[in-house]
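A.B. asks: What follows is each chain in one-letter form.
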Amino acid sequence: MKNGLRVLVHEDNTTPMAVVNILYDVGARDENPEQTGFAHLFEHLMFGGSVNIPVYDEPLQRVGGENNAFTSNDITNYYITLPAVNLETAFWLESDRMLSLAFSEKSLEVQRNVVMEEFKQRYLNQPYGDVWLKLRPMVYKQHPYRWATIGKELSHIENAHIDDVKAFFKKHYNPQNAIMVVGGNVTTERVKELAEKWFEPIPAGEKYVRNLPQEPEQHEERRDTVTAKVPLNDIYVAFQTPGRQYKGYYAIDLLSDILARGNSSRLYRSLVKENPLFSEIHAYMTGSFDTGMFVVEGKPLEGISLEEAEAALWEQLERVKTAEIAVDELTKVKNKTESTLMFSEMSLLDKAMNLAYYELLGDADMLNHEVEKYLAVTAAEVHEQARKIFRRDNSSTLIYLAEQTEQEPAGEVV
Amino acid sequence: MLDRTSAPDFKTVGHIDLIQPRNIKFSNGVNLFYFDSPEQELIRIELVFGNLKFDQEKPLLNQAVMAMLTEGTGKLTAAEIADQIDFYGAFLQADFGFDQSQLTVYSLNRHLPKVLPVVKDIVTDSVFPEKELETYIRNQQQKLQVSLKKNDVVARRVFNRAMHGSTLYGFAAKAENYQQLKQADLLAHFKLMFQPANCTIIAAGKVDEETIKLLEATFGNDWTDSAYTADTTQPTLHPFDEHFYYVEKPDALQSAIRVGLRTINRPHPDFPALQVLNTVLGGYFGSRLMANIREDKGYTYGIGSGITSLKHCGSIFIASEVGADVCKAALAEVEKEINTLREELIPEEELELVRNYMLGSLLGSLENIFSHADKFKNIYYSGLGFEYYERYVEIVKTVTAEELKRLANEYLDYSKMYKVIVGKY
Chain A
0 MKNGLRVLVH EDNTTPMAVV NILYDVGARD ENPEQTGFAH LFEHLMFGGS
50 VNIPVYDEPL QRVGGENNAF TSNDITNYYI TLPAVNLETA FWLESDRMLS
100 LAFSEKSLEV QRNVVMEEFK QRYLNQPYGD VWLKLRPMVY KQHPYRWATI
150 GKELSHIENA HIDDVKAFFK KHYNPQNAIM VVGGNVTTER VKELAEKWFE
200 PIPAGEKYVR NLPQEPEQHE ERRDTVTAKV PLNDIYVAFQ TPGRQYKGYY
250 AIDLLSDILA RGNSSRLYRS LVKENPLFSE IHAYMTGSFD TGMFVVEGKP
300 LEGISLEEAE AALWEQLERV KTAEIAVDEL TKVKNKTEST LMFSEMSLLD
350 KAMNLAYYEL LGDADMLNHE VEKYLAVTAA EVHEQARKIF RRDNSSTLIY
400 LAEQTEQEPA GEVV
Chain B
0 MLDRTSAPDF KTVGHIDLIQ PRNIKFSNGV NLFYFDSPEQ ELIRIELVFG
50 NLKFDQEKPL LNQAVMAMLT EGTGKLTAAE IADQIDFYGA FLQADFGFDQ
100 SQLTVYSLNR HLPKVLPVVK DIVTDSVFPE KELETYIRNQ QQKLQVSLKK
150 NDVVARRVFN RAMHGSTLYG FAAKAENYQQ LKQADLLAHF KLMFQPANCT
200 IIAAGKVDEE TIKLLEATFG NDWTDSAYTA DTTQPTLHPF DEHFYYVEKP
250 DALQSAIRVG LRTINRPHPD FPALQVLNTV LGGYFGSRLM ANIREDKGYT
300 YGIGSGITSL KHCGSIFIAS EVGADVCKAA LAEVEKEINT LREELIPEEE
350 LELVRNYMLG SLLGSLENIF SHADKFKNIY YSGLGFEYYE RYVEIVKTVT
400 AEELKRLANE YLDYSKMYKV IVGKY
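Protein chains in written order, with numbering that gives the first Met the number 0: chain A, 0 to 413; chain B, 0 to 424.
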């Protein structure tokens, strides 16, 4: 549109529903280091009423719609599903909050409390819940990925001021910074008409030019140990990886599948089943836009020393660098990826979210070529990525140590 | 000039089109229900088996048999099963449910001829190898230790146990229950449970002639019942007399709360209206509990209420994790909201919103062919037909505020509810 808003349509008349997904190109990485957790707090405030509409949820529920949102380190994504006949209600609501929020003190105060309870519920009051608060600053020294979306500490949220909220909105919440995907039982013509009516009058706003400190390559081994009231020891080894646009991304993704996807994966088979040293083990990558993380995590069995467990884990990482990856093994992870992508096509909402995400990456059409990119990966490429990533001097190891206390009573009255 | 202050016109959901399954009974008694949607080349197949009667002496067998189902057969090791399923990009998931348990297969149609023989081997010839059982016991005991550190998990365990007593619904596994597991018991349980007479197959996706033939060839012909019938009846529920449980966790930043009681299930005529009442109370983002306790007071990240419908009873409950310092205040608000429903009529505007929300939500829950199969399972296992959904829609549209007040007085009595607090109080 003239104001810079990008609008995509995905027509699917097999459903009576419509989806409106709006992605704002702002995440926790865009925060001020002294005001972390702000992008996510702001997401909550987006439901506190807009300039012309005092409450957001109620009018949507009244027409049979549902909505939610999430914030990551890279993006903030809002979505609505509603009966397609009531599509205009979604345009009315979303355009008004893109135009301007109500900025009420009461809403800020309540959402500060809600987010602080979320902080406690998900990060502080759970066994191992604070692991990301500790691991991120080990992997990242410069890049704002060093804090989690919830924020560095409760005080940053506690101290959020209404003026900061207004400034954040002005900087990031404008049409130039947004991508809208409308999907389901809609026509492109109708979407165009509604977009022109509700979104085109919104001023373009100022363009936010992102200029973040990039993370320097890591060249020293990092290690930390924390002791906490958890029942079992836990080992996290995180490696830096290139960002999402890196051409080796697909090989790295398959590498994580070879290591840890499903019961036939290497880590599960060798370290949980054949030579049982762990009760559970995982490997995954974050897929961040900038420098990402490849994380290998496992809980050693009771009676297994951390040294032994860690050594066994490294043995597997060393093996995947050089030892042959059988044709069948590579075909297996490719087949798995192909069917996962096909099954995810069954969800209209996932489709809309993915289109917005790929459009932000550069082109929504990339979504249609993901399978080919996975299928083209060779064993040599997987080896190459494993050799680049699994270096001691690219690792950050966090040992989560179970506090040795006297046996607590079971804590249950049943 | 564009008027941004008034909402656009809208339409209410008129009717809901549900897809009904086709049904074939194989000669060995296996009942196949299928939903054919030829657009995608993929399929979900659920093999559903009724749980065996709960045995207090061996309480974990139903769960353990399901969890270990893919750990080895007479022909295949656990590793070989995993290799074959993963190689063909399929997914195999064994889930224990309170009434029925199921093995679900997700696969692309083109790989089905390779995947189904493995599934057949699992449901007819699982052997629960000793070594795999040891691994299972060891790992589950470790996982249990972590789970018991989660206040919401503990609250759910205490609550279910109090409400349902010593039954499959109320049982909460302890470390020693895992220790008791014996291969011979698992095998005996499996052989009784996994028989054609106790098996229903629900397939959704591309289910063409060829697929049906394949399903029949795999699960219909040579697979026969044994001389012993599976006993899937369950012992009577004996709820505990004590209604208040406080599990203190001195370091807790938040307390998990769970409040509720046993109630009617889906076949009862009041059930759809009770769902409306539940939605008003805590069943959606704009509900009274959320509006008051999260959006007004900021005591919690989330609070909600829910209704479950099981074969032998239903239950209605409220669950949340609230700041430890405001736990008493939060519970007082829960009580207040329940009492308001008993004393005052729900305003028409709010009721209208909830009606529209529920109908939109039902429509939106029919996202793809799998969702239609899920809707069918709800009614099939409640002994109801598709007219249930017609009635449901009708009641959501027409139930009156007076009727909902009557239901609140009949089904929502705070003084009779079980109350569980894990954390600080």
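These are computed hints drawn from the structure, not numbers from a lab.
Check the hints yourself; a few may be wrong.
Pairs of lysine-lysine residues, derived as PhoX-like cross-links and limited to a Cα-Cα distance of at most 20 Å, are as follows [unchecked claim]:
id, chain 1, residue 1, chain 2, residue 2
1, B, 142, A, 228
2, B, 173, B, 57
3, B, 142, A, 333
A few chain B residues that face chain A, going by a derived Cβ cut-off under 10 Å, partial list only [what the hints assert, rightly or not]:
id, residue
4, 149
5, 318
6, 362
7, 368
For every residue, glycine included, the Cβ atom is placed at its ideal position computed from N, Cα and C.
A.B. asks: Each hint should be assessed against the structure and marked as holding or not.
C.D. replies: Going through the hints against the structure:
Distance restraint check for residue 142(B) and residue 228(A): the Cα-Cα separation of roughly 15 Å lies within the 20 Å cut-off, and the hinted pair is therefore satisfied. Taken as a hint, the residue 173(B) and residue 57(B) pair is honoured in the structure, with Cα atoms around 12 Å apart against an allowance of 20 Å. Taken as a hint, the residue 142(B) and residue 333(A) pair is broken in the structure, with Cα atoms around 31 Å apart against an allowance of 20 Å. Against a cut-off of 10 Å between C-beta atoms, the interface hint on residue 149(B) holds, since the closest Cβ of chain A lies about 6 Å away.
Below 10 Å, beta-carbon pairs count as interface contacts, and residue 318(B) has none with chain A, the closest being about 12 Å; its hint is therefore violated. Hint status for residue 362(B): holds, given a least beta-carbon distance of 6 Å to chain A, under 10 Å. Interface restraint check for residue 368(B): the shortest CB-CB distance to chain A comes to about 8 Å, inside 10 Å, so the restraint holds.
The structure fails hints 3, 5 (numbered hints given earlier, in ascending order).
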